[in-house]
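These protein sequence lines are chains A and B, in that order. Following this note's numbering, the numbering of the first sequence begins with 1 at its first residue and continues without gaps. Following this note's numbering, the numbering of the second sequence begins with 1 at its first residue and continues without gaps.
Source of the hints: derived by calculation from the structure; they are not laboratory data. Note that the Cβ used here is the ideal one computed from N, Cα and C, for glycine as well. Treat the hints loosely; a few may be bogus.
[Unchecked claim] Computed spacing ranges between beta-carbons, pair by pair:
| hint | chain 1 | residue 1 | chain 2 | residue 2 | range |
| --- | --- | --- | --- | --- | --- |
| 1 | A | Gly27 | B | Val205 | 23 to 29 Å |
| 2 | B | Thr159 | A | Gly27 | 27 to 33 Å |
| 3 | A | Gly27 | B | Val183 | 53 to 59 Å |
[Said to hold, decoys possible] Derived pair list, reagent style DMTMM-like, types lysine to aspartate or glutamate, alpha-carbon separation capped at 25 Å:
| hint | chain 1 | residue 1 | chain 2 | residue 2 |
| --- | --- | --- | --- | --- |
| 4 | A | Lys197 | A | Asp153 |
| 5 | A | Lys197 | A | Asp223 |
| 6 | A | Lys123 | B | Asp202 |
| 7 | A | Lys141 | A | Glu185 |
| 8 | A | Lys141 | B | Glu40 |
| 9 | A | Lys89 | A | Glu77 |
| 10 | A | Lys197 | A | Glu15 |
| 11 | A | Lys89 | B | Glu330 |
| 12 | A | Lys141 | B | Glu289 |
| 13 | A | Lys197 | A | Asp186 |
| 14 | A | Lys123 | B | Glu204 |
| 15 | A | Lys89 | A | Asp78 |
| 16 | A | Lys197 | A | Asp104 |
| 17 | A | Lys89 | A | Asp140 |
| 18 | A | Lys141 | B | Asp246 |
| 19 | A | Lys197 | A | Glu131 |
| 20 | A | Lys123 | A | Asp78 |
| 21 | A | Lys141 | A | Asp186 |
| 22 | A | Lys89 | B | Glu204 |
| 23 | A | Lys123 | B | Glu153 |
| 24 | A | Lys197 | A | Glu183 |
| 25 | A | Lys141 | B | Glu204 |
| 26 | A | Lys89 | A | Asp121 |
| 27 | A | Lys123 | A | Asp134 |
| 28 | A | Lys89 | A | Asp181 |
| 29 | A | Lys141 | A | Asp121 |
| 30 | A | Lys123 | B | Asp213 |
| 31 | A | Lys123 | A | Asp186 |
| 32 | A | Lys89 | A | Asp150 |
| 33 | A | Lys141 | A | Asp78 |
[Stated by the list, open to error] Pulled from the structure, derived: some chain A residues nowhere near chain B, Cβ distances all over 10 Å:
| hint | residue |
| --- | --- |
| 34 | Phe25 |
| 35 | Thr62 |
| 36 | Asn83 |
| 37 | Pro84 |
| 38 | Ala93 |
| 39 | Glu112 |
| 40 | Thr114 |
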Amino acid sequence: MVDPLLRVPQPTAAELAAEGVSVRFQGLAALSEVNLTLLRGEIVGLIGPNGAGKTTLINCLTGFQRPTTGRVALAREDTAGWNPARFRKAGVARTFQAGRLFRDMTVAENVEVTGVGLGLDRKSAHSVAMEVLDWLGIADKAARTAGTLDYTDERRVGIARALVLPPAFILMDEPAAGMSDSEGEDLVGLVTSIPTKFGCGVLIIEHNMRVIMNVSHRLYVLDGGRTVAQGTPAEVQANPAVISAYLGADV
Amino acid sequence: MKIPLPARFRTPVLLMAGLTLLVALATAIGSEQLNFTLTEMLIRMIVVIGLYMFVGNSGIMSFGHIGFMGIGAYVTAWATLAPEWKQVMLQGLPAFLQEHTYPFPVAVLASGLVAAGVALILGAAIMRLNGLAASIATFAFLAIVYSVYSNWESVTGGTSSVIGIPTVVGPWTAVAFACLAVVAAYAFQVSRYGLMLRASRDDEVAAQSSSVDIVRVRLVAFVCSAFLVGMGGALYAHFLGVLTTDAFYLALSFVTLSMLVVGGIGSLTGAVAGTLAVTLIVEILRACERGFALGGAQISLPRGSQEIGLGLALALVLIFRPAGISRSREL
Chain A
1 MVDPLLRVPQ PTAAELAAEG VSVRFQGLAA LSEVNLTLLR GEIVGLIGPN
51 GAGKTTLINC LTGFQRPTTG RVALAREDTA GWNPARFRKA GVARTFQAGR
101 LFRDMTVAEN VEVTGVGLGL DRKSAHSVAM EVLDWLGIAD KAARTAGTLD
151 YTDERRVGIA RALVLPPAFI LMDEPAAGMS DSEGEDLVGL VTSIPTKFGC
201 GVLIIEHNMR VIMNVSHRLY VLDGGRTVAQ GTPAEVQANP AVISAYLGAD
251 V
Chain B
1 MKIPLPARFR TPVLLMAGLT LLVALATAIG SEQLNFTLTE MLIRMIVVIG
51 LYMFVGNSGI MSFGHIGFMG IGAYVTAWAT LAPEWKQVML QGLPAFLQEH
101 TYPFPVAVLA SGLVAAGVAL ILGAAIMRLN GLAASIATFA FLAIVYSVYS
151 NWESVTGGTS SVIGIPTVVG PWTAVAFACL AVVAAYAFQV SRYGLMLRAS
201 RDDEVAAQSS SVDIVRVRLV AFVCSAFLVG MGGALYAHFL GVLTTDAFYL
251 ALSFVTLSML VVGGIGSLTG AVAGTLAVTL IVEILRACER GFALGGAQIS
301 LPRGSQEIGL GLALALVLIF RPAGISRSRE L
């Protein structure tokens with residue numbers, strides 16, 4: 001018998017890129033000419049004040065928002081016309097700021113959906129789901145109804161759902177939002193081991209500056225829909241544009 | 001974690017055992033009136049289970065399923081009526097229907113298949129719409145089926161009744177099909193498609209990011225549920241022996257939707273429990289309409305109390321127990 005996992009094609013893409021992406025909502029520019037590259041195996045931070053366009057950029061990179069101009073390329077291939085399901089099949093996964101769990105389903109079922117959606121039968125989907133839940137330390141809550149979870153566990157389920165059948169890239173929209181400092185640091189600690197454990201590239205939006213500077217290999221800073229800085233944490237912290245634009249005039 | 005076998009099949013086994021027991025008890029009593037009521041209830045249950053299969057798992061309300069029931073009922077009439085009848089009453093039928101009679105099992109299967117075929121074409125168009133728009137489109141479908149069947153006289157007899165359909169369905173046949181419906185609906189809800197569909201019901205956006213093809217899983221459910229409902233329509237035809245287009249319109253749509261809502265939209269147990277509960281309410285009110293003697297005085301409720309009572313029951317359940325009497329959980 002062939003292992004059912006082998007029947008699901010593994011994502012091979014090594015690079016996800018936004019190339020000159022602009023998004024306008026009825027004349028209002030949410031993103032203007034943004035370039036971003038995410039490679040497999042690295043952790044890239046995406047920071048900027050509220051309304052800078054960070055979530056819009058993640059929406060573009062996962063098929064939820066079509067760029068007005070510019071393009072999103074996966075392994076150099078144009079993704080025009082792809083829907084979110086196709087992005088996930090090609091190896092681009094995401095989490096949501098609002099959690100967005102399947103509230104009336106169990107934790108295990110929440111995670112199984114991805115496996116099944118990618119072509120596994122229910123039994124194989126269940127076993128891969130349990131592996132990921134175990135890694136995230138919530139396997140004991142597998143039978144709980146997702147709607148009854150607390151905030152921290154909800155985020156973990158969202159991450160588990162994205163990590164099933166490891167994607168090539170995982171894009172995380174404020175995974176630690178609303179958590180206490182220590183809970184957030186625990187979670188982000190887990191995030192740092194994703195590239196080695198699952199072999200994927202991580203793009204992460206996070207507001208805690210100390211945390212994001214520690215975990216990111218590189219950073220992009222958005223403000224008003226434009227990239228105002230990019231580089232290593234040290235370079236970004238030293239960039240005067242970041243200090244004035246992101247941290248405010250009084251710093 | 002491997003789920004032990006009995007727990008996995010607990011819900012359908014309990015439901016089927018309960019229904020079979022009910023029929024065994026009722027036939028032992030042997031009242032003709034009771035058998036009639038019970039058979040009608042079991043046929044409606046098949047329709048409600050079919051409705052649940054789509055509505056419960058997808059979260060999209062359908063007002064059009066009674067259209068599939070009517071389609072199924074007329075298919076079996078075309079297939080099983082005596083050729084002499086059809087040559088007089090239904091002159092527009094094609095030769096393979098007009099000149100032949102098909103056995104009951106073939107006719108019932110054909111009813112399901114034709115309803116499923118119509119659902120495939122309809123669904124391919126409307127499953128792309130968002131939930132509310134899709135619901136309204138199903139209502140439009142019901143109105144279209146009703147108009148076409150009421151006016152296509154050479155094939156449906158128009159507004160006059162089609163009579164002479166062999167009345168071969170009693171409580172035991174009905175309960176056998178009801179059990180089949182329970183098994184089919186349960187198998188669907190625990191399948192890959194059932195899981196993906198329930199995910200899209202809870203959160204459409206997250207389901208897409210979990211690689212769920214929402215239009216496709218909705219369409220699969222719509223077609224399977226139309227198949228069950230179409231078979232239910234065929235059984236109804238073979239239970240009454242008489243068909244009119246009015247039987248498959250608003251009144252029956254209201255009753256079957258009430259059954260699903262009262263029982264709990266989100267579970268198979270709810271579909272079954274709701275059918276039982278609403279039938280009980282309707283029968284009690286119907287008895288009160290006929291009147292009863294109380295201390296020498298004859299008391300009876302005015303006509304129409306049935307509908308009012310059912311409406312009240314529906315409103316009360318929605319207010320006090322919005323997930324239905326089953327709380328949308330399984331046994």
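If you draw a straight line from the CA of Lys197(A) to the CA of Glu183(A), is it 25 Å or shorter?
Roughly 21 Å between the alpha carbons, so the hint for Lys197(A) and Glu183(A) holds.
Non-interface claim for Asn83(A) versus chain B (Cβ beyond 10 Å):
7 Å, violated
Closest CB-CB distance from Ala93(A) to chain B, is it above 10 Å?
Non-interface label on Ala93(A) violated, nearest chain B Cβ at 7 Å vs cutoff 10 Å.
Does Asp150(A) lie within 25 Å of Lys89(A) when you go C-alpha to C-alpha?
29 Å, violated
Are Lys141(A) and Glu185(A) close enough, with their CA atoms no more than 25 Å apart?
Distance of about 21 Å is within 25 Å: holds.
Minimum Cβ separation between Phe25(A) and chain B greater than 10 Å?
18 Å, holds
Please work out if Lys123(A) and Asp213(B) have their alpha carbons no farther apart than 25 Å.
The given pair, whose Cα atoms are some 20 Å apart, holds under the 25 Å limit.
Given the hinted pair Lys89(A) and Glu77(A), is their Cα-Cα distance within 25 Å?
15 Å, holds
Just to be careful, I want the Cα atoms of Lys123(A) and Asp202(B) compared with a cutoff of 25 Å; is the pair within it?
22 Å, holds
Within 25 Å, alpha carbon to alpha carbon, are Lys197(A) and Asp104(A)?
Judged against 25 Å, a Cα distance of about 30 Å means the pair is violated.
Holds or violated: are the alpha carbons of Lys123(A) and Asp78(A) at most 25 Å from each other?
Given that 25 Å is the threshold and the Cα spacing comes to 35 Å, the pair is violated.
CA of Lys197(A) to CA of Asp223(A), is that 25 Å or under?
33 Å, violated
Figure legend: structure checked against the earlier numbered hints; hints not met, in rising order: 2, 5, 8, 11, 12, 16, 17, 18, 20, 23, 28, 31, 32, 33, 35, 36, 37, 38, 39, 40.
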